[in-house]
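Engineer: Position one of the sequence shown corresponds to residue 1 (full-length UniProt numbering), numbered consecutively onward.
Incorrect hints may have been included.
[Unchecked claim] No farther apart than 27 Å at their CA atoms in a straight line, the calculated lysine-lysine pairs in the BS3-like style are these:
1. Lys88 / Lys39
2. Lys39 / Lys56
3. Lys112 / Lys130
4. Lys88 / Lys56
5. Lys112 / Lys51
6. Lys51 / Lys190
7. Lys39 / Lys51
8. Lys190 / Lys56
[What the hints assert, rightly or not] Here are the simulated distance ranges between beta carbons:
9. Ala89 / Leu44: 31 to 41 Å
10. Lys190 / Arg121: 34 to 44 Å
11. Asp187 / Val61: 24 to 34 Å
12. Asp133 / Thr34: 17 to 27 Å
13. Arg121 / Phe167: 21 to 31 Å
14. Ser141 / Pro48: 34 to 44 Å
15. Gln166 / Gln202: 19 to 29 Å
16. Pro115 / Asp78: 41 to 51 Å
No wet-lab data here; the hints were simulated from the structure. Virtual Cβ for every residue (Gly too), placed ideally from N, Cα, C.
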Amino acid sequence: MAELTFYTNPQSRGRIVRWMLEEVDEPYVTEIVTYDEMKSDRYLAVNPMGKVPAIKHRDHVVTESAAICAYLADVFPDAQLGPRDDEKADYYRWLFYAAGPVEQAVTNHYAKFDPAPEQGRMFGYGSYDKVVDVLDELFSSRDYVCGNRFTAADVYVGSAILWGTQFGTLPQRDSFASYTDRLRSRDAYKCATELDDEAQVQLQPPVPQGAE
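My request is simple: use the sequences and hints to build the entire structure.
Structural biologist: Structure, rendered in structure tokens:
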């Protein structure tokens, strides 16, 4: 019996965790949670924030996509997705950079809020343009977050760039295109995308007969 339960919605950041679960390649049970169900007492007992994704592993709940990726890499070391000793600095640096400054910069910019230059010191990311340039420089100099080897950090950081360049919240850069091409070629990414696309179709209401 699977010890992992995955709470998700295919139209959410749950896609990040689905990909990580496929990379780990351990059995898990999926519970699709609709946006109405996220506010139910049943799901609030799992995550009081009323958001997905979340996982339950051996009766312990983990939320926050970056934390889930790091946790799964740690508790399933055979997948070799955690950092080696010489990778730990880059692994943790860029994982937390994506979860903090990148997330804040992108969401604020999308909401049409960009701090004035004199406000930059008040925000952990400084400016949206600076965040983009830092990521561009990173992936212009290496194939993956930790260098030449794919790790769990690439699931999270890579998801931010995949999503951002697809939906226009990040600009197109040559380094981003090369990086995301490498990520899309992974079997686990393809499998996770297929599973979530199928789940998304199942959530859509049926089209009435005769409707155009």
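Engineer: Hints first: check each against the structure and report whether it holds.
Structural biologist: Each hint, compared with the structure:
1. Lys88 / Lys39: Answer violated: Lys88 to Lys39 is near 37 Å, above 27 Å.
2. Lys39 / Lys56: Answer holds: Lys39 to Lys56 is near 18 Å, not above 27 Å.
3. Lys112 / Lys130: Satisfied, since the Cα-Cα distance of roughly 16 Å is no more than 27 Å.
4. Lys88 / Lys56: 26 Å, holds
5. Lys112 / Lys51: Measuring from Cα to Cα gives roughly 24 Å; hence the hint holds.
6. Lys51 / Lys190: Holds, at about 25 Å.
7. Lys39 / Lys51: The hint holds at about 8 Å.
8. Lys190 / Lys56: 24 Å, holds
9. Ala89 / Leu44: 31 to 41 Å: 37 Å, holds
10. Lys190 / Arg121: 34 to 44 Å: 43 Å, holds
11. Asp187 / Val61: 24 to 34 Å: 29 Å, holds
12. Asp133 / Thr34: 17 to 27 Å: Cβ of Asp133 to Cβ of Thr34: about 39 Å, so the range 17 to 27 Å is violated.
13. Arg121 / Phe167: 21 to 31 Å: 29 Å, holds
14. Ser141 / Pro48: 34 to 44 Å: 41 Å, holds
15. Gln166 / Gln202: 19 to 29 Å: 22 Å, holds
16. Pro115 / Asp78: 41 to 51 Å: At roughly 44 Å between Cβ atoms, Asp78 and Pro115 fall inside 41 to 51 Å, so the hint holds.
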